[in-house]
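Below are the chains, spelled out letter by letter.
Number of protein chains: 2
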Amino acid sequence: MPKAHHRSSRNAKPTPGFRGRIWIDGSEGTFIGYGRVILLERIREQGSITKASKSMQMAYRHAWDLVDSMNRQAKEPLVEMAKGGKGGGGARVTKAGERAIKRFRRFYDDFQSFLKREEKNSSPDGRTTEEAFP
Amino acid sequence: MPKAHHRSSRNAKPTPGFRGRIWIDGSEGTFIGYGRVILLERIREQGSITKASKSMQMAYRHAWDLVDSMNRQAKEPLVEMAKGGKGGGGARVTKAGERAIKRFRRFYDDFQSFLKREEKNSSPDGRTTEEAFP
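As you go down the protein sequences, you meet chains G and C in turn. Heads up, the first sequence is in the working numbering, so the first residue is 185 and it goes up one at a time. Heads up, the second sequence is in the working numbering, so the first residue is 185 and it goes up one at a time.
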């Protein structure tokens, strides 16, 4: 199961280096970001928004809102929700959802490579960032 | 004078597309980011932290803290502050500061090119992001 956070702890000592965050905006603001892709991947694994949100320590309502936001902004829904049953029916990632996951993951991987490349170019002698940067 | 914000208004309708934010971490957390570089550039133009912070609608105390954070984390100070006088003395961007501005600007420009390239590769037919992405 992929990690839900970039850092293992928010209190961990920072590691010097080139950092960043990426996302894709739609017509209403954020369309896809790292957390949303993790949510899609968990829905694919768990088959329900309830289980997916629990596995990420995310409130069900928040997860539902994120899925709704993605579905509203996409040309075709990324997640199909079955109705009815106690606690709602199951949820399924569509083919459009699979393509969205794949494309964001590629964007994300390319970005990690970009950051490494930029950092390396900025400190060619291997010194730590705060020593080399100024 | 460069713009202090990425968007002209926080209430503007979002434009679909690939977006992101970059910064450089030092030993204490953020070392250099977009706002800090704008502050350095304003100090260079205005010759004082007071004037620079005013031109960015930033509290003097906040600007001072950002400069102090950069100076603490850099090998050599990025800003030299003259002491004394009403409202504090002047401030000057050092050679190390000039190098920091230049390198962050290059990182930033490379990142804008990266985002454009990724967006183009993801929608080769020129459709808008939310149409093309899923």
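In short, the hints are calculated from the structure, not lab data. Careful: at least some of the hints might be erroneous.
The list treats identical chains as interchangeable, and a pair is accepted whether it falls inside one copy or across any two copies.
Computed list of lysine-lysine pairs in PhoX-like fashion (alpha-carbon distance at most 25 Å, straight line) [stated by the list, open to error]:
| hint | residue 1 | residue 2 |
| --- | --- | --- |
| 1 | Lys300 | Lys286 |
| 2 | Lys235 | Lys279 |
| 3 | Lys267 | Lys300 |
| 4 | Lys304 | Lys238 |
| 5 | Lys259 | Lys238 |
| 6 | Lys197 | Lys238 |
Hint-by-hint comparison with the structure:
With identical chains, the CA atoms of Lys300 and Lys286 are at most 25 Å apart both within one copy (21 Å) and between copies (19 Å). Taking the shortest Cα distances, Lys235 and Lys279 sit within 25 Å of each other inside one copy (21 Å), while across copies they are farther apart (55 Å). In the homo-oligomer, the alpha carbons of Lys267 and Lys300 never lie at most 25 Å apart, since the shortest distance is 45 Å inside one protomer and 40 Å across protomers. Taking the shortest alpha-carbon separations for Lys304 and Lys238, neither the intra-copy value of 39 Å nor the inter-copy value of 36 Å comes in at or below 25 Å.
In this assembly of identical chains, the alpha carbons of Lys259 and Lys238 never lie at most 25 Å apart, being 28 Å within a copy and 45 Å across copies at closest. In this assembly of identical chains, the alpha carbons of Lys197 and Lys238 never lie at most 25 Å apart, being 28 Å within a copy and 33 Å across copies at closest.
Checked against the numbered hints above, the structure breaks hints 3, 4, 5, 6 and satisfies the rest.
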